[in-house]
Amino acid sequence: MKKLVTITNEELINELKDKDDITRLYPLENYCLGYDLCFDIKKIDDFVLINRILNDEELDELEILLKDSNIKGIVFDDLGILEIIKDLKVTKILLLDHLALNSLSINYYLDYVDSVVVSSDLTYEEIENITSKVKKDIVIYVYGLKRLMISRRRLLSNYIDYYGLDKTGKVNATVIDHDFIIKEDDFGTTVFMKQYYNGLKLLSLDHVLYFWYDLINVDIDQIKKIIYLNEDALKGSVKFLEEASTYKIRG
Amino acid sequence: MIELLAPAGDLERLKFAIHYGADAIYIGGQNYSLRANAKNFSLKEIKEAISYAHSFNKKVYVAVNIVFHEENIIGLDDYLKYLEEVNVDGIIVSDILVIKRIKELNLKLNICLSTQASTLNARNVRFWQSLGVTRVVLAREASRENIKRIKEETGIEVETFIHGAMCTSISGKCILSNYVTNRDSNRGGCAQICRWPFKIDGKPDLTITPKDLNMIPFIADEISIGVNSFKIEGRMRSIYYIATVILAYRQMIDKILKNTLTTKEESYYLNILNRCANRESTPQFYDKLPGVNEQYFAEREELSNQDFLGLVLEYDEENHLAKIEQRNYFEVGYEVQFFGPNMETFNYKINKIYNENKELIDVARHPKMIIYLEINNHLRAMDMMRLKVFDKKDFL
Chain W
0 MKKLVTITNE ELINELKDKD DITRLYPLEN YCLGYDLCFD IKKIDDFVLI NRILNDEELD
60 ELEILLKDSN IKGIVFDDLG ILEIIKDLKV TKILLLDHLA LNSLSINYYL DYVDSVVVSS
120 DLTYEEIENI TSKVKKDIVI YVYGLKRLMI SRRRLLSNYI DYYGLDKTGK VNATVIDHDF
180 IIKEDDFGTT VFMKQYYNGL KLLSLDHVLY FWYDLINVDI DQIKKIIYLN EDALKGSVKF
240 LEEASTYKIR G
Chain D
0 MIELLAPAGD LERLKFAIHY GADAIYIGGQ NYSLRANAKN FSLKEIKEAI SYAHSFNKKV
60 YVAVNIVFHE ENIIGLDDYL KYLEEVNVDG IIVSDILVIK RIKELNLKLN ICLSTQASTL
120 NARNVRFWQS LGVTRVVLAR EASRENIKRI KEETGIEVET FIHGAMCTSI SGKCILSNYV
180 TNRDSNRGGC AQICRWPFKI DGKPDLTITP KDLNMIPFIA DEISIGVNSF KIEGRMRSIY
240 YIATVILAYR QMIDKILKNT LTTKEESYYL NILNRCANRE STPQFYDKLP GVNEQYFAER
300 EELSNQDFLG LVLEYDEENH LAKIEQRNYF EVGYEVQFFG PNMETFNYKI NKIYNENKEL
360 IDVARHPKMI IYLEINNHLR AMDMMRLKVF DKKDFL
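Top line first, the protein sequences correspond to chains W and D.
Final position of the first sequence in numbering that gives the first Met the number 0 is 250; the numbers increase by one with none missing.
Final position of the second sequence in numbering that gives the first Met the number 0 is 395; the numbers increase by one with none missing.
These aren't lab readings, by the way, just hints derived from the structure by calculation.
Source: prediction; values computed, not measured.
We put the beta carbon where it would ideally sit given N, CA and C, even for glycine.
Fair warning: there could be bad hints in the mix.
[Unchecked claim] Listed below are the simulated BS3-like cross-link pairs for lysine-lysine, each with C-alpha atoms no more than 27 angstroms apart in a straight line:
{"#": "1", "chain 1": "D", "residue 1": "K80", "chain 2": "D", "residue 2": "K57"}
{"#": "2", "chain 1": "W", "residue 1": "K134", "chain 2": "D", "residue 2": "K99"}
{"#": "3", "chain 1": "W", "residue 1": "K166", "chain 2": "D", "residue 2": "K210"}
{"#": "4", "chain 1": "W", "residue 1": "K166", "chain 2": "D", "residue 2": "K80"}
{"#": "5", "chain 1": "W", "residue 1": "K134", "chain 2": "D", "residue 2": "K57"}
{"#": "6", "chain 1": "D", "residue 1": "K150", "chain 2": "W", "residue 2": "K247"}
{"#": "7", "chain 1": "D", "residue 1": "K43", "chain 2": "W", "residue 2": "K247"}
{"#": "8", "chain 1": "D", "residue 1": "K58", "chain 2": "D", "residue 2": "K150"}
[Said to hold, decoys possible] Partial list, computed: chain D residues near chain W (C-beta under 8 angstroms):
{"#": "9", "residue": "I1"}
{"#": "10", "residue": "R122"}
{"#": "11", "residue": "A138"}
{"#": "12", "residue": "N145"}
{"#": "13", "residue": "S168"}
{"#": "14", "residue": "L175"}
{"#": "15", "residue": "V291"}
{"#": "16", "residue": "Q336"}
{"#": "17", "residue": "H365"}
My request is simple: use the sequences and hints to build the entire structure.
Below is the structure:
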């Protein structure tokens, strides 16, 4: 079983360095949204994460950065990146938050990349069904702080400015019994589900290139319990795995 | 040609959009579009809509822009074949699946990439072009520089939103609705959680709701950098909203193309548009990131109005009598305005109201009741009567 672990904590770098079954995923400085810790490309010797939608200027700069890098793989959201990595001999993984929801679409995308991250918005049965139909192994998100919404807007800064509040880049918020973490950085605002996503049940599935652990705001001991022991150390939520979303409301 | 692209939730609204000056209309079928719970168009109505629009030399685009789950794929091929058969002018898609199926089925359908695909750069556009996409609705976050470079490097037809409600999120990148209500935002069920107050301990509620978009100050500039189509948001909106918004932008675009639109006129149109939506609107992203002034906060008061008073059904030239279907309460003494696509908006004070039997009454209080007004100005069916709130002469 191969694991892809986002480096969200400095201590994790050494902890995971010599683990053969673990691939380290580094959020790239200036190209990621929602992470407290991001890395200079020069410090990245494994996989790099780029989870933002980019404009051409940013892609121009990214092309230069990647050309001289030592990355072994790339997980990315913006399809524009395909063009600048086409000649790079690295593992290419497409991360289409909320948009990779059926096996046909995933198979079409697999013509252009080595793997696709299947959306964690799906139920267990839907994900299982997809793994049985894909033509290449895919990546499955198994544990992490799940992004529910990203915005290019500075939603917290505007709120703070409007009410004259103390500056903060992160707040906890609630909408009718649902808890969120709202975080803003230079590239916009992310709304996370406060309870961690627990997809450990998915570890039994086949046709998987990587199981992805994305543990933001978690201390090293708990991270170890989750990634080594597959323990639900943060009492995560299985809501998305168990409750299908509704396509139409029937009157 | 610059295209003014209007929304329509049903056939009636499509007809109003065309009548009030739209060059093209986008609609959704019963399945596969991002307004899953709207009335939408049956297959027969899609055919009728296209036939009607084509008779006026207007175009119809059909949104097939949900993000498909496995269960939604059944029936897609037949639907796409049907859309080709009825000569739709293009389809709006976000899922690669739809594009690939069109090619595999060898269908001659123009493909427009939905804003749900969050396209912000030329390289991304080239990817989609290589699959057969001929038009792209750019991400709403696109700045002037982004649009200019995409246009210059790809030559693709570019469509941008110029008016209406905005997502707080990058389009397609939000499942707040799924989480809170189980309603799937990327399959047309968005419950608009971003419009709800977020409670924060010991602090004011956080609202992340954006104001609506209007691009009035930048339309001329957008034309200059090569934008081909200006899109109005709002397939669930009323005929009054569609008529008002389309007419305002039709007149503004025509004046811009003749270089005759004044700042004062812009201000007049902006007042009309904001009043019609009961919401404030501002440009967003084109010249700068949205700030405090582009976001609503908790104290916002949404004052609904009943400005739409009546719909003109007929006009009797001989007796100067307008037959009107009531849409909101009005009475003798009201100052109103009539507006329509083929006339100058004019003010009118209601002195007499006749009921359906041509008897004098003081008040029109029943929805859809038929009344008659004596009016010297020539009117046409589909013209509208609204409460007089703004007078254009005050802006000249």
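Going through the hints against the structure:
1. Pair hint D/K80 plus D/K57 holds up; C-alpha atoms about 21 angstroms apart against a cutoff of 27 angstroms.
2. The straight-line distance between the Cα atoms of W/K134 and D/K99 is roughly 16 angstroms, inside the 27 angstroms bound, and the hint therefore holds.
3. Restraint check: the Cα-Cα separation between W/K166 and D/K210 comes to about 23 angstroms, which is no more than 27 angstroms; the hinted pair holds.
4. Between W/K166 and D/K80, the direct Cα distance comes to roughly 55 angstroms. Violation of the 27 angstroms bound is thereby established for this hinted pair.
5. Between W/K134 and D/K57 the CA atoms are separated by roughly 43 angstroms; this puts the pair beyond 27 angstroms, and the hint is violated.
6. Between D/K150 and W/K247 the CA atoms are separated by roughly 37 angstroms; this puts the pair beyond 27 angstroms, and the hint is violated.
7. Under the criterion of a C-alpha separation no larger than 27 angstroms, the hint pairing D/K43 with W/K247 is consistent with the structure, at around 21 angstroms.
8. In summary, the hint linking D/K58 to D/K150 is supported, as the alpha carbons are separated by about 22 angstroms, within the 27 angstroms threshold.
9. Interface restraint check for D/I1: the shortest CB-CB distance to chain W comes to about 24 angstroms, outside 8 angstroms, so the restraint is violated.
10. The interface hint given for D/R122 holds, since its Cβ lies 4 angstroms from the closest Cβ of chain W, which is under the 8 angstroms cut-off.
11. For the restraint placing D/A138 at the interface with chain W, the shortest Cβ-Cβ distance is roughly 7 angstroms, inside the 8 angstroms limit, so the hint holds.
12. Look at D/N145: its Cβ gets to within about 5 angstroms of chain W, closer than 8 angstroms, so that hint holds up.
13. With its C-beta approaching chain W no nearer than about 5 angstroms, D/S168 sits inside the 8 angstroms limit, and its interface hint holds.
14. A least Cβ separation of about 5 angstroms between D/L175 and chain W falls short of the 8 angstroms threshold, and the interface hint therefore holds.
15. At about 5 angstroms, the closest approach between the beta carbon of D/V291 and any beta carbon in chain W falls short of 8 angstroms, and the interface hint on this residue holds.
16. Evaluation of the D/Q336 hint against chain W yields a violated restraint, the C-beta minimum of about 36 angstroms exceeding 8 angstroms.
17. Violation of the interface hint for D/H365 is found here, the shortest Cβ-Cβ separation to chain W being roughly 27 angstroms, above the 8 angstroms cut-off.
Going down the numbered hints, you'll see the structure goes against 4, 5, 6, 9, 16, 17, while the others check out.
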